[in-house]
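Visitor: Here are the chains, one letter per residue:
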Amino acid sequence: MPPAVGGGLAGSELRVRRGRCGSQAARAVGPDVAVEAAARSHKRPAPGSRHFEAAGRWALLALVTLLSFATRFHRLDEPPHICWDETHFGKMGSYYINRTFFFDVHPPLGKMLIGLAGYLSGYDGTFSFQKPGDKYEHHNYMGMRGFCASLGSLLVPFAYLTVLELSKSLPAALLTAALLTFDTGCLTLSQYILLDPILMFFIMAAMLSMVKYNSCADRPFSAPWWFWLSLTGINLAGALGVKFVGLFIIVQVGWNTISDLWHLFGDLSLSLVTVGKHLTARILCLIVLPLALYTATYAVHFMVLNKSGPGDGFFSSAFQARLSGNNLHNASIPEHLAYGSVITVKNLRMAIGYLHSHRHLYPEGVGARQQQVTTYLHKDYNNLWIIKKHNTNSDPLDPSFPVEFVRHGDIIRLEHKETSRNLHSHYHEAPLTRKHYQVTGYGINGTGDSNDFWRIEVVNRKFGNRIKVLRSRIRFIHLVTGCVLGSSGKVLPKWGWEQLEVTCTPYLKETLNSIWNVEDHINPKLPNISLDVLQPSFPEILLESHMVMIRGNNGLKPKDNEFTSKPWHWPINYQGLRFSGINDTDFRVYLLGNPVVWWLNLLSIALYLLSGSIIAVAMQRGARLPPEVEGLSQVLLRGGGQLLLGWMLHYFPFFLMGRILYFHHYFPAMLFSSMLTGVLWDTLLRLCAWSLASSSLARGIHAVGIVSLLLGAAYRDPEHLEMHQLLLSTTLKPKQEAQSCFFHFLPK
Amino acid sequence: MLGFLQRPVVVTADINLNVVALTALGLLSRLWRLSYPRAVVFDEVYYGQYVSFYMKRLFFLDGSGPPLGHMLLALGGYLGGFDGNFLWNRIGAEYSSNVPVWSLRLLPALAGALSVPMAYQIVWELRFSHCAAMGAALLVLIENALITQARLMLLESVLIFFNLLAMLSYLKLCNSQKHRPFSLSWWFWLTLTGVACSCAVGIKYMGVFTYLLVLGVAAVHAWHLIGDRTLSNVCVLCHLLARAVALLVIPVIMYLLFFYVHLVLLCRSGPHDQIMSSAFQASLEGGLARITQGQPLEVAYGSQVTLRNVFGKPVPCWLHSHQNTYPMIYENGRGSSHQQQVTCYPFKDVNNWWIVKDPGRHQLVVNSPPRPVRHGDIVQLVHGMTTRLLNTHDVAAPLSPHSQEVSCYIDYNISMPAQNLWRLDIVNRESSTEVWKTILSEVRFVHVNTSAILKLSGAHLPDWGFRQLEVVGEKLSPGYHESMVWNVEEHRYGRSQEQKERELELHSPTQMDLSRNLSFMARFSELQWRMLTVRSDDSEHKYSSTPLDWVTLDTNIAYWLHPTTSAQIHLLGNIVIWASASLATVVYVLLLCWYLLRRRRSICDLPEDSWLRWVLAGALCAGGWAVNYLPFFLMEKTLFLYHYLPALTFQILLLPVVLQHISDHLSQLQRSLFSALVVAWYSCACHVFNTLRPLTYGDKSLSPGELRALRWKESWDILIRKHQ
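For the record, the sequence lines run as chains F and P. Sequential numbering from 1 applies to the first sequence in UniProt numbering. Sequential numbering from 1 applies to the second sequence in UniProt numbering.
Simulated from the structure, these hints should not be mistaken for lab results. Fair warning: this is a prediction, and the values are worked out from it, not measured in the lab. Where hints are given, some of them may not hold.
The list that follows gives simulated cross-link-like pairs (lysine to aspartate or glutamate, EDC-like), each with its CA atoms no further than 16 Å apart [what the hints assert, rightly or not]:
hint, chain 1, residue 1, chain 2, residue 2
1, F, Lys509, P, Asp554
2, F, Lys490, F, Glu429
3, F, Lys509, P, Asp463
4, P, Lys542, P, Asp43
5, F, Lys494, P, Asp463
Bound-form chain P, shown alone:
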């Protein structure tokens, strides 16, 4: 029973001092004077905003990436006790004392520091020598751009960390595959691969590229597994299933989990509510929820409603009308019906209220019990303040002459009869007799006489229409489009018979209670969709660059300038490393082609295992560079130098691999000469690191002359004060 007592408990620890030393160096280089400068540096101004929103738990929408990255930064703020009270409005603004700068910047810095030992591990797991592994880590250590990016509250270093982690754990998996498949450590690395991939994707969409690369390599390996006839069918099936679960299912679940946490955290209404649908807004605390809380759910004849357009572009707006009529003659000479204008208005207003009326009756109040309106019913819409009926007819709309004008009907006795019947078409109905529901139902209004559909055209009316948005009846392309879909946002049952009373009633806020919630998946899909489609129109920035500038480091970004001295921080790479990494990639590709061609003619220069090692290193490192770099040529968004850093990291990993390969194929004498060259080259890189160090850490104020001397390329924009 107590057998375990008979033997002593022995713990054998295997400590690789290289790794320990590298970690220490990494921490030193990334954490040294972390809270300097105590001012907003470059993109911290954006990320900081989001951190504040998390602290205050206000809902926001950011199109730049999934929420994990922001949440990690916010975690730093939370641990540092940040209350979110800081106005993030200007780069260079001094942080107030309540901002825990150190802990906000800690997480990216740790990620950056751990990338150094991970580079070592990856090259080692690729089965290259300790020397090469050491070289890779030392190169990552002294890469100025990586240091700058890691020391600030930015996300690239975290992304790089997860990219490397995914790659490392996949390599560990491959190496334990041969000896002990389905062992505990095998499972651990397999799962970690999936988790790391999903974290990378969760930080920036860019992580998808690395994920796809890992998937691709895993697929090739799986294909070899299928071809391995020593394994039984069941065994192969288990292998495939395990991989599918870990590399496909887990990442999806993790990704959903990020959003779940995000939505749980951000439960209050915030600055971007307007972009979301009414149903989504109603699920947040405050904001619209405060108004719509307790509204009756089912729209009935006699209901007073506001109708919001679902498309929400160019701005979210509500169906609106007012006393003014369309001008008799437009500027371009076309005529109008001169009836009352109907527009879409982007602000809350008493003129946004409409009453749903049964065409067969005169009354504008809700019966008791209320008679709900259903899909397919014919209704009239009465404008609350003017009691005119929503109407459309065969008159060209003011700005979209191919569509029909929509107006509130005024009878001028000129043989233009009212055409004010609309058929209700609930788009997201589940049955054909579905009831029209507040907020939840998305409806179209189909005109009975002309089968035109009530639509927001998106054009701004000129001065006579107070620059509100044009609403038209669309006849030509009746296909589904969100600009034709409306939903009821505010809703109450009308009680007043008299117009005066009704006007008073319209002015009063809605009340009653009843609350409803949206499911997580519905909220997730809406949020994700809006994040992907939200448009940022600023396409120009002083420091934006093109992918071609990156390889040759023809551009830099000035991150921060000391308010009084000329101490400054730049994103600027170690140019020796950049150049030699690119050179290594070229050499690798040329050598690979050469070997491939020779192998095809059955001349094997490399033994089989060393060939496989060479190919795998290339697939992961050169491939990692390619997938993280080439897609940018197809992107239309504003690009910056820091987008290149993940690709660069992979390129740096390739460098020692190529060097070792060359050195392995040299004679003894040549090899020592080569080693001397490598050492010289590395000290050169160290020298460059040291020279650019003031711009990386921003801790030293340089004289204009020194700064001018640092401007090695015409295109580098180093800030020199005119008078000092």
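Bound conformation, chain F alone:
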């Protein structure tokens, strides 16, 4: 098992050892003794039964964990083919095993862990993970699935412990655990080779350790205090290292830390030096440590992936020089650009690619019917251009001529090597960006017209300087129209082979879209220099890969007319995600939450807001509450508030995102809202019981309420199963937790 799991188990062990002091130290910070009183009031006073109680808690935790593992591991090997995004993340795991470089919009930790799990369980990285539905056959995929499933299973005990710590109430914790164990969505999402179980594991672990460390606040700088604080930091690094969604839990921990520090700062009994110590400890454990770990994951990532692979073209020329197998690796090319050189020209903006042309014309109705010019991300012989003087067509490579360098401000012609057409522009509108001019390939064997002339300029340099390969940032200015060669980054339709549009923009604003560099450079008349000087430093690599990832993420836009999932669909369980079953395979797996759990969660949030504001207003009006209610309302406001904040942080930012969204993005938020449900119903039922006063009836109400909720969560599950068994029994082998996509048609 990877170390992360070991950490989690150690955590639970420690918790129980310190269980007692934790509950005595119920209060976080501040002068509220009432919470303490409330927490104590639930405890059996008899000291003899303490051992018994501790053992009981142990047993419950073990039971919860066992049940969670049992559900998640049940028939884990089915379906024995690729489901949904396994095709991406399995493939990326294989890349780590094969050490080939690739590009993905998510940070590397999650995929590295998947790769590691596969490596340790004997998967050799040979399976190609081509598309969903492909059979695994003899390849060993169980290691990777098992790893994800075990992280997914740990979510339930983590939630259990978090709620227990926040509410000091066993029923609340049990209710939460039941909600999550019996939720079909969490179950399905935990069973496959995906990043989500890993991400949720780190998020929940961070939340748990934060809550634990809050309850150690009365013994600052003790060993457990340091332990939980640094564990929080480690988990934050983990969450961010898997997906950028980890930022939300960082915001939550940050908010908690700031308010904590604010309280300490206002506590006049503490000297400024002590407050300074507190601050330093937080900075060390919550900023420096996670950053170091996060950077370390990238260091490992770049160290492991040292072979050229499918992700090369996304990165700058200098970056590619690191990768063995890339043509820039250990390469040596002439340093200064000269007339007659054969070159490739790369756009400086990430993920745009090389200037490209091919023997296809723009279709009728799209500008002039001349040869297409595009940008293309992959290396190809159609990316080669010859740089020539504008006025002569003589071959500059003729040995009788002296070498003549291209200088800043020269008027040049770019001839496409394969088709001998010149880079050309004119007053026709570009195919997609209507305000720009069209760029074409024009002329025969290098003879064209004056619209083929471009002025080559180096950004921020003086006129007359030579142009350096790779390092000079150059612009091409069209002589006749005065526009600048650029790529709009828009994808051309089918006629353009879905390559990117190249235009000549009349707006002279300096953007990266219109700046290029020369990458390959072939000129037999010039001496070669080694490119090792270009090797970027680690911080540069780190920065560049982040830029590429962010751009990649923003580039994931929904296409026109594509059915996308909207954030408001998620909490109401409006539409699920098809995991498997497109190819009429035996297994239909559909990611869909358990409606009872999800709608209960939704109801609970509304109820929480209502009851929370009633209590807050009552307290602001200075109403005198009995100590029992006071304690409960503190649990509701503080503990519940933390969880509500978590839900909001993991949900609302998605409304602002322009990228394409999927249903599974909601699951971290769903965990928080389930925990809130646990805390809320327990507290509400206790309040109900208290208001009815008569003791036997009161306890009864609480017990009955909790039990019925537990049963409700579990009950709907088999019913589900039956329904879809009925539906599928004729043609399909049902899988216990898998939802059929037909479920959607059922009348609600």
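Position chain P against the provided structure of chain F, taking the given hints into account.
Guide: Leaving out everything else, chain P in the frame of chain F:
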């Protein structure tokens, strides 16, 4: 009885001459030679179009903001007697004599002029000195960018006016709260706050930010009210209710009112009809209403109909078919059924007519009495001109291979049977036996054999399909989407038995009478939704800029250039004011943090009331700047320097507040030195104003040398003629 006669009627007027003088100066600076230049300046070209539409009462759709702003400008045109006849097509075009330039520009200019005394009032109501208040107003007065923006037919100055008005009336409310809650003036200011907020929102969506800020401050104050235990519960409840009504209910009602007036004014069909649904179009005079007027309401077996796709993207279009068949083999080697093409066609055409047929009968005419089609009925759709039946089958669609091809069935005798039964699914039904209604019903056609749904894929077919839009049968994702929903637009009962007669009938226009109207709320929600989702694809402009450029004034916008001389108008700020306002914000934030930390350690540098004053000023002014500025970092639309002006105005208000705060904490000697510095700084700002004045008013032609000298920043784009 006549007691009031026993005492003389006395009117005591309290006139603050400062305010009067500031108003006069404001009017002078904003109204001076208002009708110069007599040419279209920058965005007037857009707003002018809308004014013309209002004058002619033609319906239009503009995604840039709610209608109040345009209506106010149109009011100016109406008062000036504008008839709407002007071709707004080019910036710099000379206005013809029928355009009342002065009255069109009057309203924004008045709003800009009144902002000056309002700045004074706000700082005064924040309980700072008259001197500081005067300073704020004088800064607003000489801010070149605000002057330029106010003197033209643009909306920013009106937005700023309502922003300031909302803030001012809220402050007045706060100050009368202490002494006389529920008095007449209290109610007046409370209501005015709500009204001003809704007007700000009604002019530009940006106004929402100020509205939210005011709501936020009001919420904090209300929370303190709740905590005030000297008030009875009933009293607190009354306070809360009054605020809820004035700040939540009134703005919503006002906002609806703007749309109501807008829709009442624009009652004729105009250039953007196509984007709206058929029902909406039918509610306008002319256009579709002329065609659909008098159509039978209920679709019956034998009805002849045209079916419009509800989604309307990429273009609004109608279900269409024609003689041509799908090519046997596509370019990429896949095969087709080679049956008759079914497409979606964005123009009116006789080939858009379909006949609703009962599968059990052969006849294509309407019985008498007509048998209406209901939700859940199985129908066939017959293409009017070719009499072929709408069909789909398990063949991949030409451009969307995951979906089924839709065709009009031709029997080639190749064991590919017709599958032409469709179940009618009325999406917006109220009962399960609802009748299919013209225009009103939104329907889906669910294929009986394969449960595929008739859908517009949005892709353009290649040349063989005449670049019309592809129609497919969607099987994989049957969830609701507007591209699967259709409605009947033109409709008549078929009368002709013979094909020849029927073709003639299809060519003839529909008639009969019966009219129907859409409720206001339905029209409002549709219009609002379309306004928010209408997409403008031009994302690039020569003078567009990023929010980061604004703070440092790294960009300008050339608004207008005289056709012959080099007189020109630029949106260019007073750089001294911009820089010092930003500096003041930084100083404010630093000081606030410092005080907060010290207070937390129980060291109170400021007395309680002065602290509260300091915080409130910051919350409104620095907060106003932040909420009007920071959201732009998240926006993806094209941004211009003028988007920063509302934020800038709030920042300027903060400047004298910070200055006075500093001066209050200086010794006597230092204070006089400080005052001298402030005076020097202000004269410096005046000097900059004066230097940039030719570019603000555009009244003076400068020589190329002078223009070059004005180009203080590399990035300023000042137009210099090459030959003069």
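Visitor: Does each hint fit the structure? Answer for all of them.
Guide: Hint check results:
1. Lys509(F) with Asp554(P): Holds, because 13 Å separates the two Cα atoms, which is no more than 16 Å.
2. Lys490(F) with Glu429(F): Since the Cα atoms of Lys490(F) and Glu429(F) sit roughly 15 Å apart, the hinted pair holds (cutoff 16 Å).
3. Lys509(F) with Asp463(P): violated (38 Å)
4. Lys542(P) with Asp43(P): holds (14 Å)
5. Lys494(F) with Asp463(P): holds (13 Å)
Of the numbered hints stated above, the single one contradicted by the structure is hint 3.
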